[in-house]
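Heads up: the sequence lines are chains E and V, in that order. Residue numbers are given in our numbering: position 105 of the first sequence equals residue 106, and the series is strictly consecutive. Residue numbers are given in our numbering: position 1 of the second sequence equals residue 260, and the series is strictly consecutive.
Quick caveat, the hints were computed from the structure, so don't treat them as lab data. Predicted, not measured: the structure shown is a model, and the values here were computed from it. Take the hints with a grain of salt, since some may be wrong.
[To be verified] Anything over 10 Å on all C-beta distances counts as not near chain E; from chain V, calculated:
hint: 1; residue: Leu270
hint: 2; residue: Lys277
hint: 3; residue: Lys278
hint: 4; residue: Ser279
hint: 5; residue: Met286
hint: 6; residue: Gln296
hint: 7; residue: Glu303
hint: 8; residue: Pro342
hint: 9; residue: Glu343
hint: 10; residue: Gly359
hint: 11; residue: Gly360
hint: 12; residue: Phe363
hint: 13; residue: Gly364
hint: 14; residue: Ser365
hint: 15; residue: Val371
[To be verified] Calculated cross-link-like contacts (lysine-lysine; reagent style DSSO-like; alpha-carbon spacing at most 27 Å):
hint: 16; chain 1: E; residue 1: Lys27; chain 2: V; residue 2: Lys277
hint: 17; chain 1: V; residue 1: Lys278; chain 2: E; residue 2: Lys71
hint: 18; chain 1: E; residue 1: Lys27; chain 2: E; residue 2: Lys71
hint: 19; chain 1: E; residue 1: Lys70; chain 2: V; residue 2: Lys300
hint: 20; chain 1: V; residue 1: Lys277; chain 2: V; residue 2: Lys312
hint: 21; chain 1: V; residue 1: Lys295; chain 2: E; residue 2: Lys71
hint: 22; chain 1: E; residue 1: Lys27; chain 2: V; residue 2: Lys268
hint: 23; chain 1: V; residue 1: Lys299; chain 2: E; residue 2: Lys27
hint: 24; chain 1: E; residue 1: Lys27; chain 2: V; residue 2: Lys295
hint: 25; chain 1: V; residue 1: Lys300; chain 2: V; residue 2: Lys268
hint: 26; chain 1: E; residue 1: Lys27; chain 2: E; residue 2: Lys57
hint: 27; chain 1: E; residue 1: Lys71; chain 2: V; residue 2: Lys299
hint: 28; chain 1: V; residue 1: Lys295; chain 2: V; residue 2: Lys278
In this text, a Cβ means the ideal position worked out from N, Cα and C, and glycines have one as well.
One-letter residues, chain by chain:
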Amino acid sequence: SQQGEEDPQALSIQEGENATMNCSYKTSINNLQWYRQNSGRGLVHLILIRSNEREKHSGRLRVTLDTSKKSSSLLITASRAADTASYFCAYSAGDTGRRALTFGSGTRLQVQP
Amino acid sequence: DTEVTQTPKHLVMGMTNKKSLKCEQHMGHRAMYWYKQKAKKPPELMFVYSYEKLSINESVPSRFSPECPNSSLLNLHLHALQPEDSALYLCASSQPQGSGGYTFGSGTRLTVV
């Protein structure tokens, strides 16, 4: 399977702490994205990093990408209870016209108030 | 309009029924996707339409039949499903070429009895 792997599978922290999630994948990618999913409903796109970028920021989110190690990390700073959700990395790979996102296994984040 | 709308939100069907899931977007996206997600698992790609043509079928059983009537609509026709097909079915859209993020609908929770 080309599915990405994420760790940890579950993470519980206190409000105000930082949360770090890691993603590893097995193929060459065009870009890597992170999504949030609340309560098993639709996924929300958080941030995209291209294969030629190493770091990207968006508000309280920081994403890094190491293509030599085929890995990425998502850092959420100053977490809030509302950040409680499942987080998935997803990568785009393949030839133009046959690209679609493949998702990692996900990290369930619980932020305690 | 920056949404993907899926109907119905919940569906219970018998194994001999025929039903359809619907998905609509008005963002001008020319790629649309069906994903299947089981509980506590990542979304798994089923079908990709690019410019209203089926470009990827991830070896999905023929009891699932996709249709893209126009650039805004995507349907998934269901027939003779099995209980193991019970899952959350997610529709998404994006610009083609996989260069940007996906916009997901909130999904249809399907139960096959």
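Quiz item: Since V:Lys278 was said not to touch the interface, does its Cβ keep a gap of more than 10 Å from each Cβ of chain E?
Solution: holds (20 Å)
Self-check item: Non-interface label on V:Gly364, tested against every C-beta of chain E at 10 Å
Solution: Violated: least Cβ distance 6 Å, not greater than 10 Å.
Exercise. Take a quick look at whether V:Lys277 and V:Lys312 sit within 27 Å of each other, Cα to Cα.
Key: Within the cut-off at roughly 23 Å; holds.
Quiz item: For V:Ser365, is the shortest beta carbon distance to chain E beyond 10 Å?
Solution: violated (4 Å)
Practice problem: Take the C-alpha atoms of E:Lys27 and E:Lys57, compute the straight-line distance between them, and say whether it is at most 27 Å. | Solution: holds (21 Å)
Self-check item: 10 Å cut-off, C-beta based - V:Gly359 kept clear of every residue in chain E
Solution: Non-interface label on V:Gly359 violated, nearest chain E Cβ at 7 Å vs cutoff 10 Å.
Quiz prompt | Consistency of the no-contact label for V:Val371, given chain E and a CB cut of 10 Å | solution = Fine: 17 Å to the nearest Cβ keeps V:Val371 off the interface.
Quiz item: Given the hint that E:Lys27 pairs with V:Lys295, does the C-alpha gap stay at or below 27 Å?
Solution: holds (22 Å)
Self-check item: Given pair status - V:Lys299, E:Lys71, alpha carbons within 27 Å
Solution: Holds. E:Lys71 to V:Lys299 sits at ~24 Å (cutoff 27 Å).
Quiz item: Keeping to a limit of 27 Å between CA atoms, is the pair of V:Lys300 and V:Lys268 held or broken?
Solution: Distance ~19 Å between V:Lys300 and V:Lys268 Cα, so the pair holds.
Exercise. Measure nothing beyond the straight line between the CA atoms of V:Lys278 and E:Lys71; if it is 27 Å or shorter, mark the hint as holding.
Key: Not OK: V:Lys278 and E:Lys71 at ~41 Å, beyond 27 Å, violated.
Quiz item: For V:Leu270, is the shortest beta carbon distance to chain E beyond 10 Å?
Solution: The claim stands: V:Leu270 keeps its Cβ more than 10 Å from every Cβ of chain E (closest is about 15 Å).
Checked against the numbered hints given earlier, this structure breaks hints 6, 7, 10, 11, 12, 13, 14, 16, 17 and 22; the rest are met.
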